[in-house]
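Visitor: Keeping the supplied structure of chain A fixed, place chain B upon it in accordance with the hints.
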Amino acid sequence: MIFALLILLPVAAAAIVYLLPSPRWRRRMLPLTGLLHLGLTITAIRQTPLRSAGGWLLLDPLGAYFLTIMSILFLAISWYAWSYFRRQPYHAPNDAHDPFHHPQEHGARSHEAQFGAALLLFLSTMTLVIMSNHLGLFWIAMEATTLASTPLIYYYQGKTALEAMWKYLLICSVGIALALLGNLILQSAAGSLLADELATRHTAINAQWLKLAVVFFLVGYGTKMGLAPMHSWLPDAHSEAPAFVSALLSGALLNCACLGLLRIYRIGLTAGIGDYCSELFRCFGVLSLLFAAFFILGQNDFKRMLAYSSIEHMGLILLGIGLGGEAVYGSLFHVCNHSFTKGMLFLLAGNLLLIYGTRSIHQVTGLLQTSAANGILWLLGFLAIVGMPPFGLFYSELLILKSALAQHHYVIAVLMAVLLGMIFAGMAGAFLKMTQGNAPELPHRKRYATWNLLPPAALGVLPLAAGLYLPPSLTTLFKQLAAQLGG
Amino acid sequence: MQSDLYTLSLVLLILINLLTSGASRLRYCINCVAVQGILVGALPLLQNSPTGMPEYGEWSLAAAVILIKGILLPLLLLHVLRRVEINREVEPFISYNLSLAISAILLAAAVLLARHLPPITGVNPLALPTAIFTLFTGLLMLISRRKALTQVIGFLMLENGVFLFGGALHAPYDLIVELGVLLDIFVLIFIMSIAVFHIRSEFNHSDTDQLNTLADRDN
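Chains A and B are the protein sequences, given in the same order. Heads up, the first sequence is in the numbering used here, so the first residue is -12 and it goes up one at a time. Heads up, the second sequence is in the numbering used here, so the first residue is 3 and it goes up one at a time.
Chain A extracted, bound-state conformation:
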């Protein structure tokens, strides 16, 4: 029952948003749905583990963890979106038209309605992804998230947004088609696609076919997760989408793909090919770190820089899982810290765009003078994302590094330290240049409300609190989850 509510509530809300004539109520539906979704999530996680529909839907502790992160993030984003749309209603560019719709649905009103509906459908499909236990259903939901998020990226319309959307659509679809191949191979080798059943099965699965399936899954869902070298859609999509959509993409969608890989990793561990999977995970993790480091240095677009930072952190998470031991705990802890910190940074990036009207790092100076609140939060966000104590990311990165050294993966440890150092240098240069200096003339400064500051501040408090004090219930949860994943 709770499954149906969690998935169908945002769908119903999407229908309402699409059909509602009043813009004010349409905007209010977004945070309203966010609140309801969070309430339902809290109710659901008290009852874990929950299994339904013959095992096709499952809410186990791992899923509950990811669901809570996504729900909290969506609430903050929907609040920001409500405040954003109140002040900046959509103005259609001159040549925008939608050929598959009739002319009477023209205009700004229907565009915002479509966007709001797509946003809520996105929430619904991501919820379905997290709760899918049947890998076939997982695939369908994953493809559905691509479909639901495509109009979100295209919100501002125009040439660059179109390019970003086309790349996103094509690259992610090809990736997911390869994951479908993995699904078929797994099904023929194992006879069943229920993830929890496969993860606890004691009869052997043909190792060769399973390894092939794992490779296809890794490339396929890794595309959605933003792993290098399948990451090329990520910087474009994140820089062209509205800021709060980027926050949702980075903080929730990448996590959903990561969850898929974690479920498959469990199956691999039980089937005895754990070493093979770990090695693959480590390779892709380090490769993502490498790409991220090289593209963050000298980056001029702050949203693109944040996108490459997402690639870096996803690489770190995968690396931690691949290292095993304490690093798995670190990776799981890293997931929530990264989601909230990245969400906060992207929302602040949205504010910066409103104030300065440009995404160029060179043209943004004197943030502390222009808007002290944004400036301070921006600096705090920078400290959090590069892994400074006392923010939570420091502890997770430290655990991963420690585990690499403890397991004699010295090359990986050195690479990790060097690349993280490069990223720190690149981001420090950018962030400090942006906050200090003299404020330029801002004739086109758009107004933003205090409501635009509260969601990022609220999101920023969470990794700080997690870094300072993690309640014992959460520590035991992480240990339990890590044990499932070979930690």
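Hints are not guaranteed to be accurate.
Unchecked claim - With beta-carbon atoms standing in for the labels, derived distance ranges:
1) B/S203 with A/L22: 38 to 48 Å
2) A/F281 with B/I96: 49 to 59 Å
3) A/K389 with B/A65: 54 to 64 Å
4) A/P8 with B/A106: 56 to 66 Å
5) A/A360 with B/Y98: 53 to 63 Å
6) B/L115 with A/L22: 49 to 59 Å
7) B/F192 with A/G261: 34 to 44 Å
8) A/A40 with B/F192: 33 to 43 Å
9) A/A191 with B/P174: 14 to 24 Å
10) A/A452 with B/A65: 32 to 42 Å
11) A/K389 with B/I145: 37 to 47 Å
12) B/A65 with A/W12: 49 to 59 Å
13) A/A452 with B/V113: 25 to 35 Å
14) B/I145 with A/F281: 15 to 25 Å
Derived from the structure by calculation, the hints contain no laboratory data. Cβ coordinates follow ideal geometry from the N, Cα and C atoms, glycine included.
Guide: The following block gives chain B in isolation, referenced to the frame of chain A:
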């Protein structure tokens, strides 16, 4: 008799792949993909393998695949083609003759690859190479063509290849999952068609090679 028909269909599929990789007229490519869709839908019926599904399930799935991949999606693409007014592909990154030659090499590669995979009992030895070859052809179209619509056709071929692979593996499948996958693909191509429209109206062409403003260059 049934297995003869089956082998014939596989050979037809291989030929269609070769034809599509050397074709420059888009209407021709769409027709090829349509025939491919019909064959992909009909193929499970020609196999004698147990799929664990009742009779009506197999027939309804075949009907759904033929309808969507063989009729509806090609019609949609033809509609887009008419509205966007392109008839020929612009000169692709790999010329048509070279594409055809590469396609033949890929066929050989697919046969070799299929030999290295663990053997499956009771499967026509041509089934797996055909599936892998269709996959490769789809990828070739995706990466070597410029027009957005041709990339969509390449993606459709990729999906057909994946379907064929599943059939060649004798993977038992659920009707609901297969129908869900079909639905997803249908909506996906629909959205891609809308995107092609927007590309045409924004750029006055649909040459995706011109979509290159977003990149990391030295600033």
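Visitor: Confirm or reject each hint.
Guide: How the hints compare with the structure:
no., hint, in the structure
1, B/S203 with A/L22: 38 to 48 Å, "holds (39 Å)"
2, A/F281 with B/I96: 49 to 59 Å, "violated (29 Å)"
3, A/K389 with B/A65: 54 to 64 Å, "holds (58 Å)"
4, A/P8 with B/A106: 56 to 66 Å, "holds (60 Å)"
5, A/A360 with B/Y98: 53 to 63 Å, "holds (60 Å)"
6, B/L115 with A/L22: 49 to 59 Å, "holds (52 Å)"
7, B/F192 with A/G261: 34 to 44 Å, "holds (41 Å)"
8, A/A40 with B/F192: 33 to 43 Å, "violated (28 Å)"
9, A/A191 with B/P174: 14 to 24 Å, "holds (18 Å)"
10, A/A452 with B/A65: 32 to 42 Å, "violated (56 Å)"
11, A/K389 with B/I145: 37 to 47 Å, "holds (42 Å)"
12, B/A65 with A/W12: 49 to 59 Å, "violated (44 Å)"
13, A/A452 with B/V113: 25 to 35 Å, "violated (59 Å)"
14, B/I145 with A/F281: 15 to 25 Å, "holds (24 Å)"
Comparing the model with each numbered hint stated earlier shows that hints 2, 8, 10, 12, 13 do not hold.
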